[in-house]
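**Student:** The listed protein sequences derive, respectively, from chains A and B. All the letters of the first sequence, read from the start, carry residue numbers 1 to 349 under our numbering. All the letters of the second sequence, read from the start, carry residue numbers 1 to 324 under our numbering.
It cannot be assumed that every hint is accurate.
Pairs of lysine-lysine, DSBU-like flavour, derived with a Cα cap of 30 Å [stated by the list, open to error]: (1) B/K86 x B/K25; (2) B/K129 x B/K89; (3) B/K287 x A/K148; (4) A/K121 x A/K131; (5) A/K176 x B/K89; (6) A/K132 x A/K121; (7) A/K203 x B/K272; (8) A/K67 x A/K81; (9) B/K272 x A/K140; (10) A/K148 x B/K25; (11) A/K81 x A/K203.
Pair by pair, the computed Cβ-Cβ distance ranges are [unchecked claim]: (12) B/E205 x A/G35: 38 to 44 Å; (13) A/V125 x B/T311: 41 to 47 Å; (14) A/P62 x B/I28: 48 to 54 Å.
Please keep in mind that the hints were generated in silico from the structure rather than gathered at the bench. All values reported here derive from a predicted model rather than from experimental measurement. Glycine is no exception: its CB is placed at the ideal position from the N, C-alpha and C atoms.
So the chains spell out like this:
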Amino acid sequence: MKQPILEIKDLAVSFDTYAGEVQAVRGVSFSLQPGETLAIVGESGCGKSVSMQTIMGLLPSPPSRIKSGEILYQGEDLVKKTDKEMEAYRGKEFSMVFQDSMTSLNPTMRVGRQICEGIIKHQHVSREEAKKIAIEMLRKVGLPNPEKCYRRYPHTMSGGMRQRVMIAMALSCHPKILFADEPTTALDVTMQAQILDLMNDLKNNTGTAIVLVTHDLGVVAQMADRISVMYAGKIVESGTADQIFYNPRHPYTWGLLGSMPSVAQSSKNAKSELMSIPGSPPDLFAPPKGCAFAARCPYAMTACQKVDADTFQADDGHMVRCWLMDSRAPAVTPPVGRHAAGQTGKEEN
Amino acid sequence: MAESNLTQAPLLQVDNLKKYFPAGKNQILKAVDGVSFSIARGETLGLVGESGCGKTTVGRTILRLYEPDGGTVQFDGEDISHLSGKAWKQMTRRMQMVFQDPYASLNPFFTVGEIIEEGLVIHKLYPNKAERKERVYQLLEMVGLNKEHANRFPHEFSGGQRQRVGIARALALDPDFLICDEAISALDVSIQAQVVNMLMRFQREMNLTYLFITHDLSMVRHIADHTAVMYLGKMVEYGITSELYSHPAHPYTVGLLSAVPVPDPEYCRTHKPAHLQGEVPSPINPKPGCRFCDRCPRATERCRQEEPAFTEVSPGHYAACHNL
């Protein structure tokens, strides 16, 4: 295995609020190899965006606070860096594409100037040269008439065009890692498909590693090499895309996979009940003592309520945080995946 | 399903519905431009399309939240587009709507109990206050909340719970017909599944008829009997859901379906469909001819001149395209 470009070790982030401490991220570890796409999947409030923003150094402190953990970027611990030092990394070594392109672009600046800002700062070039690079980037992301786009304001562009501008901006200084936080959630499916194609093309051409944060498992299947599933501030399962989709081991992953209908599903499944996860995620002001998913888990045992699960290795590189993996636990047949009971073959579309 | 359409008069029949909005100097935004469909009692019609295609406007115009600029809406055999006063009020009891945004569609100054009760008060359904309370509790329990929730305010609830309140409000008057306008789009996947299962259960138990407006094509495949695809104010394809998904006829439907990400890594590695390029053009003063022709891979000169009419591709399956 190659040396990972980014390694997160036991990261915990809390927010201090008037109502108390919100434990948004409670011990997250993962690593990222150069050039790969890692998807972080989970529902709203599971801490996936907070983890990303902490790595980028974007969360103001207070109210946020890194309680423990290390963020190793090429061996250097970013937790110890000051804001000033982080500026040299942001935009150059890694950059971010946000979900909402309307609020994350400056409405008072033409998009060209916004792209140039980072180029001038990190590549130490003149404004004219930066403009050339910016226009080249706009062309690369597939915007028609890039010279004209350079002079436009964000509000005159559609959501898909703005998202392309964001990607152009993020990739303008050839970062080694691109963090994409729900990059296509606000877009229509046809535009989403175009943006995902674009991100895949750019990744293949530049070798940039991508950390993709999303709740859409369809997007994940299309993009990810590896997947981490997050729940209530912890990673509950991680593995390659095939391991997670075809051999999921955590009940939460089963629930996620089961609760979405598929366009390619066979017609006899239509009109049947979707598998749903009862209840809602726990309150992170006071996370439960045991496994956070125990209250919603149909397979929960007494141990689950009391002690949080250890991490077990299911397969090479496939980690699961669940007591069902323990040798003393009863055997459970997963309701989804290749080994599921009654699994029908895929229908060609 | 096709036979039931023939033997039974549809509950809702929409003919050539039009809604135009003024868009500045002599400009007209044709949000809905001649849409026709019908829904049989107890069935679900899924209305899909990209944002800006006019699907929400269709729903709102049926309920006359927007006054239609043309066409008729027949509900249970009666033309409702010109009803007013008492007759219209009686009709609204039978048609209800669940809105997209569970944060904006509940009045923050009302408790959940008052929100659900409002329709009952307006229609004087339960003049006895205690009975009315009982009905509110019953509705809350139906949607998976409990009666303690009646005294709380909307901000105390999560998105999924608020959407349940919205559904309880819509069901309070015992309607026949429910328009769900992106009712589940703002929710997380696992919560979406809960709400969809609940809606399907209510349909079975109360023989409800749904118009399910959404951009989520996989969800429509799951719950709809018939599916209608809209593009720029026009309906481009209509058919039985399974038939439309397995044999899409219109090039726009083909493009739309191929763009839906399939949650299967192996499928993604082997299938690399060519995606639709470009964006939805502006609906203001549209050009003559087929509205999809600028993005259409099959477009010919005829498509630019002449607007295609709805033709039957296979029994019960219609598409508006010259090159079928």
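**Student:** Would you mind marking each hint as holding or not holding in the structure?
**Tutor:** Results for each hint:
Distance hint between B/K86 and B/K25 is unfulfilled; the C-alpha atoms sit about 38 Å from each other, more than 30 Å. Taking the CA atoms of B/K129 and B/K89, the gap is about 22 Å. The hint holds against a cut of 30 Å. In summary, the hint linking B/K287 to A/K148 is supported, as the alpha carbons are separated by about 24 Å, within the 30 Å threshold. The hinted pair formed by A/K121 and A/K131 meets the criterion: a straight-line CA distance of about 13 Å does not exceed 30 Å.
For a cut-off of 30 Å, the pair hint linking A/K176 to B/K89 is broken: about 62 Å separates their Cα positions. Our distance criterion of 30 Å between C-alpha atoms is met by A/K132 and A/K121, whose separation comes to about 15 Å. For the suggested pair A/K203 and B/K272, the alpha carbons sit about 17 Å apart, so the restraint of at most 30 Å is met. Distance check on the hinted pair: A/K67 and A/K81 sit about 15 Å apart at the alpha-carbon level, within 30 Å; holds.
Between B/K272 and A/K140, the direct Cα distance comes to roughly 21 Å. Compliance with the 30 Å bound is thereby established for this hinted pair. Restraint check: the Cα-Cα separation between A/K148 and B/K25 comes to about 26 Å, which is no more than 30 Å; the hinted pair holds. At most 30 Å may separate the alpha-carbon atoms for a hinted pair to count; A/K81 and A/K203 meet this at roughly 28 Å. Take B/E205 and A/G35: their Cβ atoms lie about 53 Å apart, and the range 38 to 44 Å is violated.
Distance hint for A/V125 and B/T311: a CB-CB separation of about 58 Å, inconsistent with the stated range 41 to 47 Å. Checked against the hint of 48 to 54 Å, the C-beta distance between A/P62 and B/I28 comes to roughly 53 Å, which is consistent with it.
Figure legend: structure checked against the earlier numbered hints; hints not met, in rising order: 1, 5, 12 and 13.
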